[in-house]
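**Q** Line by line, the protein sequences give chains A and B.
What the first sequence shows, in the numbering used here, is residues 1 to 148, in sequence order.
What the second sequence shows, in the numbering used here, is residues 1 to 183, in sequence order.
None of these hints come from the bench; they were simulated from the model.
Careful: at least some of the hints might be erroneous.
Partner residues aside, some chain B positions facing chain A, computed with beta carbon under 7 Å [what the hints assert, rightly or not]:
| no. | residue |
| --- | --- |
| 1 | 33 |
| 2 | 37 |
| 3 | 77 |
Cβ atoms here follow ideal geometry from the backbone N, Cα and C, with glycine treated the same way.
Spelled out, the chains give:
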Amino acid sequence: MVLFLAGGSGYTRRQGLRRVKERLENVPGASNIRYEPSAIKPTAVVVVVDIEMFLEEPFPRDTGRLEVVWRPREATDLQRVQWIDDAVSLGWHKDRDHSDLGTTHFQHEMSDGATPHREPAHIEVEAPVSFLEICLDRLPDRIRVTSD
Amino acid sequence: MSEKQPAWPAGMDAAERVRHVALTRTTPRNAGWIATEADVSRDTAVKYLSRMAEQGDLEVVETAEGTCYKPDPVTQFLDEVRDLAETHSQEELTAELRDIADEIDRWKREFDVESLAELRQSVGNDDLSAEQRRERLDVVEGWEYDVEVREAVRLAIGLTESLTELGAGTDPGYTPDSHLQEG
Numbered sequence: 001m002v003l004f005l006a007g008g009s010g011y012t013r014r015q016g017l018r019r020v021k022e023r024l025e026n027v028p029g030a031s032n033i034r035y036e037p038s039a040i041k042p043t044a045v046v047v048v049v050d051i052e053m054f055l056e057e058p059f060p061r062d063t064g065r066l067e068v069v070w071r072p073r074e075a076t077d078l079q080r081v082q083w084i085d086d087a088v089s090l091g092w093h094k095d096r097d098h099s100d101l102g103t104t105h106f107q108h109e110m111s112d113g114a115t116p117h118r119e120p121a122h123i124e125v126e127a128p129v130s131f132l133e134i135c136l137d138r139l140p141d142r143i144r145v146t147s148d
Numbered sequence: 001m002s003e004k005q006p007a008w009p010a011g012m013d014a015a016e017r018v019r020h021v022a023l024t025r026t027t028p029r030n031a032g033w034i035a036t037e038a039d040v041s042r043d044t045a046v047k048y049l050s051r052m053a054e055q056g057d058l059e060v061v062e063t064a065e066g067t068c069y070k071p072d073p074v075t076q077f078l079d080e081v082r083d084l085a086e087t088h089s090q091e092e093l094t095a096e097l098r099d100i101a102d103e104i105d106r107w108k109r110e111f112d113v114e115s116l117a118e119l120r121q122s123v124g125n126d127d128l129s130a131e132q133r134r135e136r137l138d139v140v141e142g143w144e145y146d147v148e149v150r151e152a153v154r155l156a157i158g159l160t161e162s163l164t165e166l167g168a169g170t171d172p173g174y175t176p177d178s179h180l181q182e183g
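Chain A with its partners taken away, still in its complex shape (with noise of 0.2 Å):
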């Protein structure tokens, strides 16, 4: 007999994060991407990105990693979409951690530990892909901007 837990959504998560890894499989520069902590369960999706290849012009920086997080909860939707390099760590939230700032939240770390800093990011629909999709749509112009 199987047990179905309250608000419990284990099969939902796999079914997006799958169609997330599809997505990120056609990324420009996208390579070694798998699922964290493991393909039978996973809770992200990883990817390493050259960085060139992905902006279409030459860079400082060589490559970075994106980082897809989504946990689907009865009322508390998690999503997560964060890019990684030698110098910054910036990324789209959708969580619990700054509701001040609306659903969800973008927030940019430099690597020399300054204060992150943050705004709202306007991001309202909720269907993993659909989500990740805008945020690769702004993620180009995000990296260029650190590049000084």
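Chain A is fixed; fit chain B onto it per the hints.
**A** Chain B in isolation, oriented as in the chain A frame:
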């Protein structure tokens, strides 16, 4: 201004978009809401949602918002069991069960509880700070996910064994016993 207008990968057609939106819901939503999220007309959404409900992929529920749809948990569970059985070896599945057991043991020690229910109850303790409460809620969610995956993995292992016994196993190297071939 908030971005209500969804964005979608170039290759995803209307049917795939409706499917993705409907199957990643945790609360039931009506056809109009799903149509907006999937960037299709309401009629198109209704067409695909009805089909998915007939196939057992979606559960239909009546709410204050009218006819609403959410993923059918039994169909999703069985699909995952089949997918696990087809895409992972018995060794991989067994190793995952071990990892899950280790993780749950670690949480039991860390929070000094015997069960998920006990940890869930402890979240209401007055002596916890907001930070500690949030950490416990996160572990409760991780623990629930572990239990769900563990059940699916156990059934996937059983399914593979049953199919092998019946000579219908997914292992390409498998040769059925001669008496089964005759039978």
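**Q** Against this structure, judge whether each hint is valid.
**A** Right, here's what the structure says about each hint:
For residue 33 (chain B), the interface hint is violated, since its Cβ never comes within 7 Å of a Cβ in chain A; the closest pair sits about 9 Å apart. A cut of 7 Å between beta carbons decides the hint on residue 37 (chain B): the least distance to chain A is about 6 Å, and the hint holds. About 6 Å separates the beta-carbon of residue 77 (chain B) from the nearest beta-carbon of chain A, less than 7 Å, and the hint is met.
Hint 1 from the list above is the single one not met by this structure.
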